[in-house]
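Student: Heads up: the sequence shown begins at 15 in this note's numbering, then just goes up one per residue.
Accuracy of the hints is not assured; some may be wrong.
[Claimed, not checked] Label pairs and their calculated CB-CB ranges:
| hint | residue 1 | residue 2 | range |
| --- | --- | --- | --- |
| 1 | Ser98 | Asn30 | 20 to 26 Å |
| 2 | Lys45 | Asp79 | 18 to 24 Å |
| 3 | Leu50 | Tyr27 | 15 to 21 Å |
| 4 | Leu74 | Glu28 | 20 to 26 Å |
Note that these hints are calculated values from the structure, not bench results. Note that the Cβ used here is the ideal one computed from N, Cα and C, for glycine as well.
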Amino acid sequence: MGNFESRFEDKDYEKNTNNGILRFSDESSIKLANELKINNFKPSDLTNNKTSLKLGAYYLSKFKDQGLSKMVQEWNVRNKVEDSIDRRAYAKEYYVPKIEKNIKIFKILYPELNM
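Could you put together the complete structure from these sequences and hints?
Tutor: Here it is, written out as structure tokens:
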């Protein structure tokens, strides 16, 4: 997901925008940090890659039993952006095939991961 969101490029924190390598909104990150009981969390903490990844892994884990397609669709609406497009349908059509391709590549490159 990080590759799609930020290409893993660091950027300085900007209030009320999507931040961190997984590009969480302030509102979404605060909600997830509360669920994870991360004390003294501030949205600016998203610039710490470990924090961003921890929130992302937790969010995705909520959908792990519903399959990759559902997981990716929900990822695409994590920040509750109101748009004129259906973000779930967009994710299913455009992101899922790319992620499935990346998974195949990872399986070849890293067979020890038993994916």
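Student: Now tell me if each hint is right for this structure.
Tutor: Verification of the hints:
1. Distance hint check: the CB atoms of serine 98 and asparagine 30 are about 21 Å apart, consistent with the given range 20 to 26 Å.
2. Separation of lysine 45 from aspartate 79 is about 21 Å and conforms to the stated range, judged on CB atoms against 18 to 24 Å.
3. Taken as a hint, the range 15 to 21 Å holds for the pair leucine 50 and tyrosine 27, whose Cβ atoms sit roughly 19 Å apart.
4. At roughly 24 Å, the beta-carbon separation of leucine 74 and glutamate 28 lies within the given 20 to 26 Å, and the hint holds.
When the structure is compared with the earlier hints, no violation turns up for any of them.
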